[in-house]
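Counting along the first sequence from 1, when you hit position 243 you're at 243 in our numbering, and nothing is skipped either side.
Keep in mind that the hints are not guaranteed to be accurate.
With a Cα cut of at most 25 Å, we get these calculated PhoX-like pairs of lysine-lysine [what the hints assert, rightly or not]: (1) Lys26 to Lys381; (2) Lys223 to Lys11; (3) Lys156 to Lys84; (4) Lys307 to Lys48; (5) Lys12 to Lys246; (6) Lys249 to Lys227; (7) Lys7 to Lys389; (8) Lys369 to Lys19; (9) Lys152 to Lys67; (10) Lys227 to Lys180; (11) Lys44 to Lys103; (12) Lys198 to Lys72; (13) Lys40 to Lys334; (14) Lys304 to Lys249; (15) Lys48 to Lys84; (16) Lys324 to Lys345; (17) Lys304 to Lys317; (18) Lys140 to Lys124; (19) Lys140 to Lys40; (20) Lys223 to Lys249; (21) Lys246 to Lys320; (22) Lys111 to Lys179; (23) Lys369 to Lys355; (24) Lys389 to Lys304; (25) Lys69 to Lys141; (26) Lys40 to Lys141; (27) Lys152 to Lys124; (28) Lys369 to Lys320; (29) Lys312 to Lys355; (30) Lys345 to Lys319; (31) Lys44 to Lys72; (32) Lys386 to Lys281; (33) Lys272 to Lys111; (34) Lys324 to Lys334; (35) Lys79 to Lys198; (36) Lys26 to Lys72; (37) Lys103 to Lys19; (38) Lys40 to Lys124; (39) Lys180 to Lys249; (40) Lys156 to Lys44.
Hints in this document: simulated from the structure, not taken from any laboratory.
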Amino acid sequence: MENFQIKNTYKKARTGILKTSHGNIKTPNLAIVATHGQIKLLNKTEHKRANPDFIISNTFHLFVNNKVKEIKNAGGLHKYFDFKKPIMTDSGGFQVFSLGWGKVHGIGKIKKSFAINKEKSDLKRQVEISENGVNFLFNKKQYELTPEKSIKIQKKMGADIIFVFDECTSPFHSYTYNKKAIALTHRWAIRCLEEFNKKRDVTNFDQMLFGIVQGGIYEELRKKSSKFIGSLPFGGFGIGGSFGEKQMKQILNWSLSGLPDNKPRHLLGIGKISDIFIAVKQGIDLFDCVIPTREARHGVLYTKMGKLAIKKGIFSKDKKLIEKGCGCWVCQNKITRQEIHHLFKKDKLDSSRIKAQRLAIIHNIYFFKNLFIEIREAIFKKRLDKLEKEYCNYF
RNA sequence: GCGUGGGUGGCGGAGCGGUCAAUCGCACCUGACUGUAAAUCAGGCGGCUAUAUGCCUACGGGGGUUCGAAUCCCUCCCCACGCA
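Work out the full structure, taking the sequences as your base and the hints as a guide.
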């Protein structure tokens, strides 16, 4: 019955295998974000070329785009999108933050400065949180998600791994606010579990439900949340929240303190390379992040020697491959930097730019897959610190 | 040769007497992007500098009108189209 096995460890880091109904995930590993069910901009062929190990889609966005019924009728996400590997769905909890306080405070997941964006702080908040659940005002329409509703939707869509509906707070929130918020998130976690344990929906396979630890930047709250969430019978655990750049290690330490060792831990939304190393070294097994795909769309290509901002003029006559020896479809097909550069330029048609973006996405996904292969290998060979140093020269 | 329309910053292209170092695109340069509201955003882009309600040189060349000209007049050069 155990669907997570730890294989090797190095200090706190570990490699393992997470079994799902759609195959195994070698950990540590990173889910590619496919919010609407597919990786943005990629068609089926390109999806196969990119070949992500597993993906994560989003309950909120599929819900507001009216996709849930269609997906259910098709027999779930795997069939609807013809993706045979593991899929996760996020619960919509992050949108409580990103469309709510995140928008009001003018920040994203990682706080970079101490100042709230004044212009944005005048915005009326478009997310209302109550005991029962959350009301969202999105694209001028009202939507409601509750713990039960989020789980029901996620069961209908049938991802292999689903998440509890939580409240992700802003790094600007006080201790008092966070204390209330984790209490709510904890009550919601129980409601999610109860809903999850009701009869199966369309899925004819097992799903895993992951709980989520919150607590902001506060040691006491993180530890408390970790202990509480860790005591519940979840298949795995997510570490959620929005915090400052330099607090990663400490917050992870607190957040993992109460979780059982033998269950997988997923750090939600993290994906900067330096952060990945920090997290793996704390014992994180799973990640998901928009960085590989979003930065690709914005013209950033990853190589072991750092990022290439491929739209810059210096690449207009660069006949080299993105990265020598890279096994991705783009590099294997000898598509050069200058070709991608020219496809990216704005005076070209949209279709040309999209082609460039697709190539960039395929390459970056490969890069991150490979990064995690190296991380797993480095844990096995007890040389993770060395690998981190090699990468951190450039990232 | 005649006629007409033009010559503006790397390019395209606004401006048609003061608020113009000159709208806007493109190109170029710098940044940003961490459970996707963003196939996106922010800043710079004549020279100098303490980076600014500062100085200098600028709208094909020269001259003129005017308190003031990229904008009006004369002249020269060049370009496009049309007619010879």
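Open item on the list: Check the structure against each numbered hint from earlier and tell me which ones fail, lowest number first.
Closed with: The structure breaks hints 11, 21, 27, 36, 37 and 38; every other hint is satisfied.
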